[in-house]
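There are 2 protein chains.
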Amino acid sequence: MFVRSAKPSRLASYSISLQFRNMITAQAVVFSKHGEPKDVLSTHTYEIDEKNVPAGSIVVKTLGSPVNPSDINQVQGVYPSQPEKNTSLGTSEPSAVGGNEGLFEIIAVGDNVSKFSVGDWCIPTNVNFGTWRTHALATEAQMTKLPNPEQSKAAGGKKGLTINEGATISVNPLTAYLMLTHYVKLTPGKDWFIQNGGNSAVGKYASQIGKLLGINSISVVRDRDDLDSLIKDLKEENGATQVITEEQNGSKEFGPTVKGWVKETGGEIKLALNCVGGKNATGVARKLSNDGLMLTYGGMSMQPVILPTSLHIFKNITSSGFWVTKLLSGNPELKKKTLAQIVQWYENEELKVAPSQETKFDGSDLAEFYKRGVANSKSGKQLITY
Amino acid sequence: MFVRSAKPSRLASYSISLQFRNMITAQAVVFSKHGEPKDVLSTHTYEIDEKNVPAGSIVVKTLGSPVNPSDINQVQGVYPSQPEKNTSLGTSEPSAVGGNEGLFEIIAVGDNVSKFSVGDWCIPTNVNFGTWRTHALATEAQMTKLPNPEQSKAAGGKKGLTINEGATISVNPLTAYLMLTHYVKLTPGKDWFIQNGGNSAVGKYASQIGKLLGINSISVVRDRDDLDSLIKDLKEENGATQVITEEQNGSKEFGPTVKGWVKETGGEIKLALNCVGGKNATGVARKLSNDGLMLTYGGMSMQPVILPTSLHIFKNITSSGFWVTKLLSGNPELKKKTLAQIVQWYENEELKVAPSQETKFDGSDLAEFYKRGVANSKSGKQLITY
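In order, the protein sequences belong to chains A and B.
Sequential numbering of the first sequence, starting at 3, is according to the numbering used here.
Sequential numbering of the second sequence, starting at 3, is according to the numbering used here.
With the rest of the complex left out, here is chain A (with noise of 0.2 Å):
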C-alpha cells in the first residue's frame, strides 16, 4: 500500500513507525458531497511512501495550485465536468481532491518511469486529477512535462517559468490561443477578431497572442472613471490592437469607426470572443463580416447569447461554444504542441501572465487556505504555493 490514511488502525500505525523516514505526509483538500465549499470541503491527511514508488509512477510536490471559477462550480455540482469520487486516499466517505490546475515538482520516481527525472516540473495531463494538495501519487500518464528553471535556460531562454506562469497555464493561455487559432483561419497583418471582456484574464493572453500571431484586435471594456489608463494599459501592455466601450460597441454611430479601422488593413473581422453575454455577446456579433464566427467561451453577464435572426440568415454568421477542456480531452498532441508555444512565449518574454493573489501555504491546515481562496476570488485569481 502505497497511499495510506493517516488515521490508521493500530496495526497500520505500527507498520508505518516502521517506514517512517520514507512516507511523506500529505494533505488534500477534498470534498465528499456537494455545497458551499466552505461547507463542504476537508482537509484529508495521508501518507506516501516515497521509497517505494510503484512501476511507472512518480511523486510530485506541488509547487502552487490556483482556485478556478470552474474549480468553485465543481465542487458547488454546477459544473458538467466531475472528478470521481473514491476512497482511494483513504477517505471514510467516497471523495475527491479539489482543483483542476497546478504545478508540481517530481520528487521520486519508480521504475520504468522514462519521461520524467527527480525535479523536472509537470501539470495534469487531464482536468479532474485533484490539485487542491501538498504532494500526489500520479502515474507517468497523468502528468505531462513543464520545463524548470534551468531547464529552459539551457535550452536559450530568456528566463525561466515562474510558478504563477506554470500553475495556470493550462486553462486561460490555451483558450486563448485555440480560439484563435484552431476555428478560423486569420491572416496577418490584415484580419481581426473583436472581443469582449478585453480587461480579463482570457481577454489579454488573446490579445497579447492576437499581436504575437499578427492579428488586429478590438477589445470591449466597460466604461470606467480611469478608462483612459486601461485603454493605454491594453493597448500598450498587452497588445490590443483597438480598444472600444460596451456603449460604443451597441451604438450605430461608432459602427462606420470600426469599419474604417478594418478597411485600413484590408481584412475582415471574421471572428468575435464572447465572455459576457446578453447585449454586448449581440454588439460583438454585429461587428462581424459575412460567414464570421462568433465563440462564446463565458457569460459573465448571466445573460443569454441574443443573435438577430438576420445576422444568422442574411450575414451567415455561426455561433459557436468554446471549452477547453472538451477540445483537448480527446487531443493530447494538440495540447502539448500548444503548451510548448505557450511556454516559449513566457522563456522569451513575450508573453506576459495574468496575475494571480499568491498566498503560501504554511503548514497548518490547507483546506482553510483553499476556503479563503475561495472566498477572496473575487478580488481577482487565488494562487496557492508551497
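Hint data in this document are derived by calculation from the structure and do not stem from the laboratory.
Be careful, since some hints might not be right.
Since the list gives no way to pick out one identical chain from another, each pair is judged satisfied if it fits inside one copy or across any two copies.
To be verified - Straight-line alpha carbon distances no greater than 25 Å define the calculated SDA-like cross-link-like pairs of lysine to any residue that follow: (1) K317 to V80; (2) K254 to I308; (3) K380 to F316; (4) K53 to Q144; (5) K35 to V264; (6) K317 to S83; (7) K87 to N24; (8) K261 to V115; (9) K254 to G79; (10) K155 to P190; (11) K117 to K155; (12) K281 to S303; (13) K317 to L295; (14) K338 to N130; (15) K161 to S83; (16) K261 to N24; (17) K261 to L341; (18) K160 to D293; (19) K187 to W325; (20) K265 to P82; (21) K317 to T327; (22) K281 to M302; (23) K328 to S312; (24) K234 to G58; (25) K380 to N24; (26) K281 to K317; (27) K261 to Q84; (28) K338 to F316.
Note that the structure is a prediction, hence the values are computed from the model and not measured.
Assemble chain B onto chain A, guided by the hints.
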C-alpha cells in the same frame, strides 16, 4: 431590338405595325423605387418579337407566379438580395420586375438553343429574374427545365406537376430538403430533428421530407382550439412523428417525454430548424443532443435567437443560419439535384404541395393582381395563374 416599349416613338410605332402578327404584348409588374407595393408597383407594357428570337434565347409565357414574403421585402427595399434596376424593358426610369418564383412554358426558341423545345416547362435558374409578368425573353441559361405533365407521364410518373407545384418549388421545398440533408448526418430510423413553425409551409415540407428520408421529427406548434385536428393533420397528412405545443416545448416537466421518444429509436436529436426565434427557439435548442446544430431560416416572432451560454459551452450546440438563395447561388449542381428529387416526389404523389390561393389573371391590369396578392398574403400564399 427584340424587346420594345409599348409607348414607342412614332418611328418605332410604324415599325411595330409592320410586324404586328409576330409581336406579343407583354405586361410586367415593375418598380423603380422602393416602398409599399401598393404605392410603387405599376404595370409596364412592352412587346416581344416571338418570330425573331435571338440565338441562344427563348420566349416564355408565365403559367403562374406567387407572392412570397421576400418578394414583398424586396419591393420595400428591406431585403438584402435585390434585382438590378435597368431600362431594358423600355421603362422611362431604371426599373426592376417583381417576383422571384414562377413557372413558365416555352413558346419560342432562338437558334442554337439546345436545352429547350417549345412546350417545355421551366423556372428561373436564379433569384431576381422578375417573375411577375405575362411573358419574358430569356437566355437559355436563365431558365432551368422542369418536366411538363406529358413528359412526367411519359417518364412513368403517376402525375405531372401542377402549376402550384412548379411555381412554388424553388424556395420552400428546397429549403426544407437542404436543411435536412446538407449539414448534419441524420441516421434513418434512429435520428430526429425538431422544428418550430411545424404548421408553416416549410414546416410541413420538412416533416413530409423527414418521413420520406426515414428521419423522425418533432413539430412544435402554437396551442389553439382545434389542436387535436392540427396534430392529426400534421401526423397523418404531413409526416410528423410527434407534434408538441409551444408550452410543452418550454416546459421542463415535458422534457422526459421527449427524451423517452428519442430513446425508443436509439437515436439523437441532432438538428433543430428555427423560423420563430425568441423563447421558442431556446426551447427547441435545449432539446438538441450534444454537438447538435440549430439552423435559423426565419424569425416569425420578430424576436432574436436566444441561446443560454451553457448550451454553447457545455453541450457544444452550434447556431447557424440558412438562406436558400445564398446556398444555391454558388452551387447550380446542388440545385439541380435537389429539384430533381422534389419533382420525383411530386410525380409519385409522395409529397403534398402547400396550398396556395390561386387567382387567374384576366388580361386587365397585371399590377393590380399582385397588389391584391400582397394585401391578401397574410391569409395564405397567393398565386397568380395565367
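Hint check:
no.: 1; hint: K317 to V80; verdict: between (35 Å within a copy, 14 Å between copies)
no.: 2; hint: K254 to I308; verdict: both (17 Å within a copy, 21 Å between copies)
no.: 3; hint: K380 to F316; verdict: between (40 Å within a copy, 23 Å between copies)
no.: 4; hint: K53 to Q144; verdict: within (20 Å within a copy, 83 Å between copies)
no.: 5; hint: K35 to V264; verdict: neither (51 Å within a copy, 32 Å between copies)
no.: 6; hint: K317 to S83; verdict: between (34 Å within a copy, 12 Å between copies)
no.: 7; hint: K87 to N24; verdict: neither (27 Å within a copy, 89 Å between copies)
no.: 8; hint: K261 to V115; verdict: neither (56 Å within a copy, 47 Å between copies)
no.: 9; hint: K254 to G79; verdict: between (42 Å within a copy, 20 Å between copies)
no.: 10; hint: K155 to P190; verdict: neither (30 Å within a copy, 59 Å between copies)
no.: 11; hint: K117 to K155; verdict: within (20 Å within a copy, 74 Å between copies)
no.: 12; hint: K281 to S303; verdict: both (10 Å within a copy, 19 Å between copies)
no.: 13; hint: K317 to L295; verdict: both (11 Å within a copy, 17 Å between copies)
no.: 14; hint: K338 to N130; verdict: within (18 Å within a copy, 52 Å between copies)
no.: 15; hint: K161 to S83; verdict: neither (35 Å within a copy, 57 Å between copies)
no.: 16; hint: K261 to N24; verdict: neither (67 Å within a copy, 55 Å between copies)
no.: 17; hint: K261 to L341; verdict: neither (35 Å within a copy, 40 Å between copies)
no.: 18; hint: K160 to D293; verdict: neither (41 Å within a copy, 42 Å between copies)
no.: 19; hint: K187 to W325; verdict: both (19 Å within a copy, 23 Å between copies)
no.: 20; hint: K265 to P82; verdict: between (42 Å within a copy, 21 Å between copies)
no.: 21; hint: K317 to T327; verdict: between (30 Å within a copy, 12 Å between copies)
no.: 22; hint: K281 to M302; verdict: both (12 Å within a copy, 21 Å between copies)
no.: 23; hint: K328 to S312; verdict: between (30 Å within a copy, 13 Å between copies)
no.: 24; hint: K234 to G58; verdict: neither (50 Å within a copy, 64 Å between copies)
no.: 25; hint: K380 to N24; verdict: neither (40 Å within a copy, 84 Å between copies)
no.: 26; hint: K281 to K317; verdict: both (18 Å within a copy, 22 Å between copies)
no.: 27; hint: K261 to Q84; verdict: between (44 Å within a copy, 23 Å between copies)
no.: 28; hint: K338 to F316; verdict: between (39 Å within a copy, 23 Å between copies)
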